[in-house]
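Q: The residues making up each chain are set out below.
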Amino acid sequence: METKNIMIVGVGGQGSLLASKLLGRLLLTKGYDIKVSEVHGMSQRGGSVVTYVRYGDKVYSPVIDMGQADFIVSFELLEAARWTEYLKPGGKIITNTQQINPMPVVIGAMEYPQSLAEKMTAAGIDLDAIDALALAEQAGSAKAVNIVLMGRLSKYFDFTQEEWMQAIAQSVPAKFLELNQKAFALGANA
Amino acid sequence: MKQLMLGNEAVARGLYEAGCSFVSSYPGTPSTEITEAVAKYPEVYAEWAPNEKVAMEAAFGASLAGRRSFCGMKHVGLNVAADPLFTIAYTGVNGGMVIGVADDAGMHSSQNEQDSRHYARSAKIPMLEPADSAEAIAFTKLAYELSEQYDTPVLMKMCTRVSHSQSVVETGERVESIKTYEKNPQKYIMMPGNAKRRHPVVEQRTRDLVAYAETAQINRVEPGKSSQMGIITSSTSYQYVKEVCGDTYPVMKLGMIWPMPEEKIKEFAASVSMLVIVEELDSFIEEHCRSLGLACVGKSNFSCIDELSPLKVAAQLAQPWQTGVKLEEAIPPRPPVMCAGCPHRGLFYTLKKNKLTVLGDIGCYTLGAVAPLAALDTTICMGASVSGLHGFTKSQGGAADGKTVAVIGDSTFMHSGITGLVNVAYNESNSTVIIVDNSITGMTGHQQNPTTGFNLKGDPCAKIDLETLCRAVGIRRVRVVDPYDLEQCDRAVKEELAANEPSVIISRRPCALLKYVKHKAPLVVDNDKCVGCKACMKIGCPAISIVGGKAKVDNTLCVGCGVCQQLCKLGALKEA
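Going line by line, the protein sequences match chains A and B.
Anchor point for the first sequence: position 106 equals 106 in the numbering used here, and the numbering is continuous, going up by one each time.
To convert, count from 1 in the second sequence and add 1000; that's the numbering used here.
Just so you know, the hints here were simulated from the structure itself, not pulled from any lab data.
Check each hint, because a few of them may be wrong.
[Claimed, not checked] No more than 25 Å apart at the CA atoms, straight line, and that leaves these computed lysine-lysine pairs for BS3-like:
1) B:K1002 <-> A:K30
2) B:K1355 <-> B:K1494
3) A:K58 <-> B:K1225
4) A:K143 <-> B:K1515
5) A:K58 <-> B:K1312
6) B:K1312 <-> A:K4
7) B:K1326 <-> A:K92
8) B:K1002 <-> A:K4
9) A:K175 <-> B:K1518
10) B:K1355 <-> B:K1124
11) B:K1312 <-> A:K88
12) A:K143 <-> B:K1518
13) A:K143 <-> B:K1552
14) A:K175 <-> B:K1515
15) A:K143 <-> A:K92
16) A:K119 <-> B:K1326
17) A:K88 <-> A:K143
18) B:K1403 <-> B:K1538
19) B:K1353 <-> B:K1552
20) A:K4 <-> B:K1326
21) B:K1518 <-> B:K1352
22) B:K1520 <-> A:K143
23) A:K58 <-> B:K1002
24) B:K1299 <-> B:K1312
25) B:K1355 <-> B:K1538
26) B:K1326 <-> A:K88
So here's chain B without its partners, still in its complex pose (with noise of 0.2 Å):
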């Protein structure tokens, strides 16, 4: 039966016909609902690990015991478990194994572009890279086939456009695959001895792949009417180019991204007058062309920054567009805010009140840089802000203590920010660490972590205990505070900033989002006392608005946390 499916859950699909049987993620747009979905799936174990290195690891774990496993992150993620992946590329797997990473060109919620393709190249193993949610499921299918007969990981490359875009699938059956486990030092002990022996093996493997990549169904060329030009591309660029040209010129689609066909490619270019490549991001294909001895236009004409769209393909490819009418009107932005009640808004206000240079990290709480909060300095990367606030105390010898803390969500702080912690108490920087824990992992879409008390598959489960973690790793100053309650705040970081040694604060209430979660009525404002002074716009909350000189509140937005309340000195602000 037809039916629409997401590419995320397309994949998910493909693992659950695969026979794969053990799946551990970290989530990340646009990876997430990969784990999510298959986790629907009662003969497959799906979990959450606390990052994407534990989440490879765990999944090779489950290949070397001969399960068909997975793991699944965004591009930014697969930098945190790169160190497993080059190694893993010398041992092979047993039970196939694939990795899921899904690129976020644009960054619709991402802090930076990276082209994951590389990867591939420098870790020496195949990469898929599938077009649609159909080619989702077949590519997964086929990841697996590839594992087991060439011995290796397969990655297999999503993008926010497939990952996001649901299209026509049919479905198939389930195929269960297990081997059994057997020592192998020479293959799985990487100590120096066997890794120079493996490393003939994994250049060996690429040629043979290479032989794959001439003949393989996945490298298709699409004939057509005109010579004049040739088309290499992939993926959406793929999808973009066939929009635009439909069957005008003959186009190279590659399902196989790395290593590419040699042969095929220089006979296609043979084929046609001038070599054209398509693709988002960097110049992966036309490297490899160029490396060939082949002329092509690419990079010189299709910009290596921001996501491909048809309009920008038809622009470079000289096809006629017409776009529609252009307003001459000044429409204001409207960027992502943190929302109503967010329990992030008075622990920011509070910071900003205090003038702090805040070091922040990856989450919800990224938007606490926004106006009219603008209370971070520094977002990088996932843990960042804890290592990066040890530096930047330590080496300023005391004159940044007490003006300067990190942020971090409860998730983050378990991917990665507990070693940065481990190193401020260690090596002794005067630091204060902010633990914004919202009892979830918010901006991904909700999804459990081990200081939750739940599993991806809802059942309970071991809760880590923040303070009690906080004090193993040698931190003596812990306290936690309700960010609801301004005094409590502005006491406690004040107080914090003040000691002489490192401390830890836990902003803790639940995300106002999660279903859980009890919402007070909303507030209403009391036009006589209202002077619209806009002492409550402070904080940037999407109920609160002036209208006609008067504070008013949207009741449809406001859950009655009560901070706008705290800042009215006029008492103009009340609960209904």
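Next comes chain A alone, as it looks inside the complex (with noise of 0.2 Å):
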């Protein structure tokens, strides 16, 4: 099987570290080999992040470069825009609408660009963006924007629910794992 690439993206804090961990979890399962790269440090803080998941029957790289992505997975609006050279032709970007100002719109310097949805959409990207974070607060914490949105991955993978499901229990706390079960389901269906 030729590799697969998703890229995760956001803002340090987010979440997608545990994302990331999910859908190894979930990968190593099936028998893939399995590349998952992320920074740590000094980029945690704020700023914007990146994780790599990749799988197939053999994969080199640990990251994945402009033009291999099949998923971008972005947990903001503007870090979906941030990194659209990287989809593969035919890719898909799901993304967050939600919207985090970086430190130059904060000060002023820099203005949030307006309507990226829609201008992804124009240049010919295929877009799946969603309010995730107004599903996990309904799922009852913002904090599970990360589950929600690996839902909504969870669409266009053939995986079954019971694999999700198993790959959810093995990441999260047992006292949060009803309220991540109903993030998770939130994103599939929204």
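Using the supplied hints, reconstruct the complex from the two chains, each of which is provided in its own coordinate frame.
A: Shown next, in the form of structure tokens:
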């Protein structure tokens, strides 16, 4: 099987590492070769963060380069727009419509671009945009944005519901399992 | 059972399986998780040392005592530990000794992108370089065998992409390894007479290791369909080459990057029309090939700047590559920022307000350099703020007094700030040193240090009293301030700068991200009082923005620290 590539992008602190762990666990049960690559340290602190998940018969590079991503899962709208060059022709971006101002916007040095979702679609990008924050809050916690987006991603994969649920159970604390199961379902069905 | 494992955790697993029983390290991205992971194995003693030199000497002591030992650090940490490194290279080891060093090409979290491979060559010790987590386990175990067989410390070179990538591994069982210590002055006392006899031993060892490199399985040739070009590579560069070229061209993958084979490389070169070297950062393999008289393509095509990537490799090897759609839109950058409630913020605001020259150091507080605070003037290396301030003030004969300070974190002060402060006191410069004490090693992800009162395993331990320490080295003016209190900070800075003798201000408040730190309720904006003057925006807090001409507080980020409240003359920022 040709290597499949999923990028998870967002803002440091949004929980993208948990999403990549969950995907890693799920893919491992299917017997794939897998690489999950992340950057720790300085970039965690409110900066732009990216995690690469790759799987197939044999995976070499730990990173995904421009033009390689089958899916980009973005936790924030501006971050989705930042990484479009990494999308493969025919690939898909799943994005949270939440906007978080980066420091140049906060201090008024730059504007947060308007109508980014429309502009991405106009550029020919296959975009699936949902308000993952609202859905996470509906499930019981704003922190469940990552699981809402995993639920959304699940629509495009043929893994069974049980396989996803097992991976979630292995990735989140038991006391938040029900909340996250709800968040996953809300993302999948939104 | 197959499992996914981070490269650094895989090194830790290798340490465990190889029977390593002593680990001493100093945290540094991207090396930190090796030591955090190995500390979870009860069979392995693991500790955070105050700095890398101490860590390496402690690991050597354990090796001398007959235990397999390890010390881990980032690339710049190896500079700190270079002193023992070059002489342990002469003494060799008793129990196997492995030194983990993680490079940061691309400088994701570092102040330079030096290439650690040069240390292996100049210290004359072997260096292994894994390309994924499975190799990280296997190479760590092999490193101990080589260490004991060839009587040498062994360098284990990691890099960001191997350290921080998870890949599939299979684990094995632990095999204990214990030797006894025997006195051997000729081997371990490196006074000139003995060292002169050890140096030829070191040179012979390198020749023996070259012979090993010729047949070692970790230096392998993978056949290719076309002999038009042959590629020598290692580590992540190997992964990028395979990603781009598959099995089109033959590839020599070097698992031991020093010393390198000679005959094996010559044979490989003779089997291809063109020899290409793909390596990150400096021309290390390339220079070796040229020293063998081989013509090759290397840094003439691949930059020595920044990390490599599949796309860069494809471009230089003339392989096709299609990129995605670029939006015609100015996308604002999102640099890392000091967190909401960061205790450093109030202090940096004070330093900026007083228009001071600030010699900075390495840690989260380096983010004080970023706008709008933009409060820093320098960042060089661990400890350089304090010693640099001494030179800055002393050399100007009083002209810089009252206008210049050093800022250094608690962990960095323990690492190498103390000796700088000793120099300030001993040679009497009118310096004001500010220790920003957030009670943790923050930037690398919350590691304990000698000022926190807890060790790596989380057990309570002796706690260095910073005030007493500063007084003990000869500083008479030592005071503590709360950085959430701007008035208190301002008064302390003004008074200490006015004093005609060295002083230390300890700006003390625990990191707002620490689990035990209790947060206050988020502040709210009184829209009737707020006139949108942006006074609260001067501190660059990510929780505050201006929306529709009024300040707005993001209640998911705000921890109620109250620093912005002290800037609002209209009382528009309120406790809920």
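Q: Each hint should be assessed against the structure and marked as holding or not.
A: Okay, the hints, checked on the actual structure:
no., hint, result
1, B:K1002 <-> A:K30, "holds, 11 Å"
2, B:K1355 <-> B:K1494, "holds, 11 Å"
3, A:K58 <-> B:K1225, "holds, 19 Å"
4, A:K143 <-> B:K1515, "holds, 17 Å"
5, A:K58 <-> B:K1312, "holds, 21 Å"
6, B:K1312 <-> A:K4, "holds, 20 Å"
7, B:K1326 <-> A:K92, "holds, 14 Å"
8, B:K1002 <-> A:K4, "holds, 20 Å"
9, A:K175 <-> B:K1518, "holds, 22 Å"
10, B:K1355 <-> B:K1124, "violated, 49 Å"
11, B:K1312 <-> A:K88, "holds, 17 Å"
12, A:K143 <-> B:K1518, "holds, 19 Å"
13, A:K143 <-> B:K1552, "holds, 21 Å"
14, A:K175 <-> B:K1515, "holds, 18 Å"
15, A:K143 <-> A:K92, "holds, 24 Å"
16, A:K119 <-> B:K1326, "holds, 11 Å"
17, A:K88 <-> A:K143, "violated, 29 Å"
18, B:K1403 <-> B:K1538, "holds, 21 Å"
19, B:K1353 <-> B:K1552, "holds, 24 Å"
20, A:K4 <-> B:K1326, "holds, 21 Å"
21, B:K1518 <-> B:K1352, "violated, 28 Å"
22, B:K1520 <-> A:K143, "holds, 19 Å"
23, A:K58 <-> B:K1002, "holds, 15 Å"
24, B:K1299 <-> B:K1312, "holds, 13 Å"
25, B:K1355 <-> B:K1538, "holds, 14 Å"
26, B:K1326 <-> A:K88, "holds, 12 Å"
When the structure is compared with the earlier hints, violations turn up for hints 10, 17, 21 and for no others.
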